[in-house]
Amino acid sequence: MSVLDTLKSLIGRANKDIEENLSKEAESVEEAADAIQTSSEEEIETKSDSETISEEEAAEEVAEAEEEVEAEEAPVEEEAVEEAVEEVPEEEVSLDNAEESIDDKLSEDEAPEEAVEVAVEEEASEENEESDNMTLLKENDIYSMDDIDKEFTQKFVDAGIETVDHCFQCGTCGGGCPSGRRTPYRVRQIVRKCLLGLREEVVSDPALWMCTTCYTCQERCPRSVKIVDIIKMARNEAAKAGYMADAHKATGSFVIKTGHGVPINDKTKALRADIGLPELPPTVHAFPEALEEVQKICAACEFDKLIGFNMETGELE
Amino acid sequence: MEIAYFLGCIMNNRYPGIEKATRILFDKLDIELKDMEGASCCPAPGVFGSFDQTTWATIAARNLAIAEEMGAEIMTECNGCFGSLRECDHLLKENPAKKDEINAILAETTDKQFKGETKVRHFAEILYNDVGLDKLSEMFTKDLGINVAVHYGCHFLKPTAEVGIEESAENPTILDELVEITGAKSVPYKNKMMCCGAGGGLRARDIDVTLSYTKEKLDAMAEAGVDAIVEVCPFCHLQFDVGQTEVNAKYGTDFAFPVMHLAQLYGLAMGLSADELTFDAQLIDAAPVLEKIE
Numbered sequence: 000m001s002v003l004d005t006l007k008s009l010i011g012r013a014n015k016d017i018e019e020n021l022s023k024e025a026e027s028v029e030e031a032a033d034a035i036q037t038s039s040e041e042e043i044e045t046k047s048d049s050e051t052i053s054e055e056e057a058a059e060e061v062a063e064a065e066e067e068v069e070a071e072e073a074p075v076e077e078e079a080v081e082e083a084v085e086e087v088p089e090e091e092v093s094l095d096n097a098e099e100s101i102d103d104k105l106s107e108d109e110a111p112e113e114a115v116e117v118a119v120e121e122e123a124s125e126e127n128e129e130s131d132n133m134t135l136l137k138e139n140d141i142y143s144m145d146d147i148d149k150e151f152t153q154k155f156v157d158a159g160i161e162t163v164d165h166c167f168q169c170g171t172c173g174g175g176c177p178s179g180r181r182t183p184y185r186v187r188q189i190v191r192k193c194l195l196g197l198r199e200e201v202v203s204d205p206a207l208w209m210c211t212t213c214y215t216c217q218e219r220c221p222r223s224v225k226i227v228d229i230i231k232m233a234r235n236e237a238a239k240a241g242y243m244a245d246a247h248k249a250t251g252s253f254v255i256k257t258g259h260g261v262p263i264n265d266k267t268k269a270l271r272a273d274i275g276l277p278e279l280p281p282t283v284h285a286f287p288e289a290l291e292e293v294q295k296i297c298a299a300c301e302f303d304k305l306i307g308f309n310m311e312t313g314e315l316e
Numbered sequence: 000m001e002i003a004y005f006l007g008c009i010m011n012n013r014y015p016g017i018e019k020a021t022r023i024l025f026d027k028l029d030i031e032l033k034d035m036e037g038a039s040c041c042p043a044p045g046v047f048g049s050f051d052q053t054t055w056a057t058i059a060a061r062n063l064a065i066a067e068e069m070g071a072e073i074m075t076e077c078n079g080c081f082g083s084l085r086e087c088d089h090l091l092k093e094n095p096a097k098k099d100e101i102n103a104i105l106a107e108t109t110d111k112q113f114k115g116e117t118k119v120r121h122f123a124e125i126l127y128n129d130v131g132l133d134k135l136s137e138m139f140t141k142d143l144g145i146n147v148a149v150h151y152g153c154h155f156l157k158p159t160a161e162v163g164i165e166e167s168a169e170n171p172t173i174l175d176e177l178v179e180i181t182g183a184k185s186v187p188y189k190n191k192m193m194c195c196g197a198g199g200g201l202r203a204r205d206i207d208v209t210l211s212y213t214k215e216k217l218d219a220m221a222e223a224g225v226d227a228i229v230e231v232c233p234f235c236h237l238q239f240d241v242g243q244t245e246v247n248a249k250y251g252t253d254f255a256f257p258v259m260h261l262a263q264l265y266g267l268a269m270g271l272s273a274d275e276l277t278f279d280a281q282l283i284d285a286a287p288v289l290e291k292i293e
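Protein chains in written order, with numbering that gives the first Met the number 0: chain A, 0 to 316; chain B, 0 to 293.
Simulated from the structure, these hints should not be mistaken for laboratory data. All residues carry an ideal CB built from backbone N, CA and C; glycine is no exception. Some hints here could point you the wrong way.
Stated by the list, open to error - Subject to a maximum C-alpha distance of 20 Å in a straight line, what follows is the list of computed PhoX-like cross-link-like pairs (lysine-lysine):
id : chain 1 : residue 1 : chain 2 : residue 2
1  : B       : K118      : B       : K141
2  : A       : K154      : B       : K97
3  : A       : K154      : B       : K118
4  : A       : K266      : A       : K248
5  : A       : K268      : A       : K239
6  : A       : K256      : A       : K149
7  : A       : K295      : B       : K111
8  : B       : K291      : A       : K295
9  : B       : K134      : B       : K118
10 : A       : K239      : A       : K154
11 : A       : K137      : A       : K239
Unchecked claim - Looking from chain A toward chain B, a few residues come up when the C-beta cut is under 7 Å (computed):
id : residue
12 : F167
13 : Q168
14 : T171
15 : L279
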């Protein structure tokens, strides 16, 4: 285990202790409040039972009793919270001690002190947001082996895009990317994540769909990485995982229904006739058996299921 | 010479003037455009290519097989169709396992097989390499004398390693040369090689991002001072035409650059009427540039 990890686990444990103490305090406050409420309710019930009074008077008394409860409750809560808060600094002291002891251990081991300082600064920045900490790394930026799916990376290799492995992260791709200039799309980062096998992060990221496939990145890549192929393959995986825009499903449904992504309309039919072209172009539009072939291909590839198209009703579900 | 003419979707189903001008031009050049009967969507690389490679490749391979049966090379006038068909052709020629997989699906669903016997070519590249600028110039009767912003689009030349058109992706001249033989001047402008913003399924998914691309292009064209935009892709055509009105609505701008596919520009140079070129079907009024030509 690295020094940094040791430090993190110690700090993590200390934080957990604080949380536990706080929640215990909170529980005791709740218990106290419950006890007060229960006793005053009993009081009211006793009163109502022993004396024969009108309903109005009873209601008044209940209201008074409730006010009493509220008045009593508030200070108790405040006190308890104050106590809990007072306890926190003590824990912080012990946290500091833990850090110090690690610090000592490190210097004994002649470990690089800089790394420790950075780590301590990171913690400090969490306590004080205005500190001049330069790192953008946050706790949740750290990946574990659970995030990694090597089969995901293998898909690119199997599809003939083994160049995913050639990327040395120079950033030439992002430097020329027109979508990178205006959206959160970071092509270099996506290529890296694909290579690392961070499937879930890649497929769930809406920015994956901000690429226009303009090939500027691929054209300039000094390692000849087939970047656009990587993006399209990643989108195939995203589509399988259900991340599809309705507008894309609609375009897909046009092709199943008509054989064209942009089918003919009445206006263009008239326009075609006006200039001496056949109303229907000699495509699937003019050959119904050809359309049937396209539909059979879509069914055989289960494209209809992928986009949620119902072949029976001829509509998207 | 015979060519299998792949229509695609947007050109024939939205801007038929591009198809009309092309048919007339190739007739004059004595090149036979043979219809690919029953061809479908290429299919759209941004949607099908991004969703399921197998579906995309099978539909594309079916289109390629139609041309193979005709024994001809394919010509398309759309960068998207060119990209999709060319990429599929390349994939199946390079990857025998994928080819077998796709052919198995084709055998199950059609009477076609992908054999790898055709070549996918772009309209502009055929004109430049097979016809040549000199012969093309002979077809023209009008000197256009307008200033235009040439937009290359993305899938015409890129990725150069696979496309194989001998031209620079960063600083090409092929389209500028094709444009300038009409007497129109190709004016340099900032971010000339940048995407129009419509591709990759972005227009359907996030129109605001697409429009911010288009606006960047239009701003640069305005700065350069052009009369019209010339491109070789009906999807870019749609984006500069429809998208231009959307940019104006969103940003409060008043861009009014008429949009022409290279085939329409050639139509004008051949003396075809604006009606024949279906400029009236476009949202941005072409009248100012047409007046300048006459």
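Go through the numbered hints given earlier and state which of them the structure violates, listing their numbers in rising order.
1, 3, 4, 5, 6, 8, 9, 11, 12, 13, 14, 15
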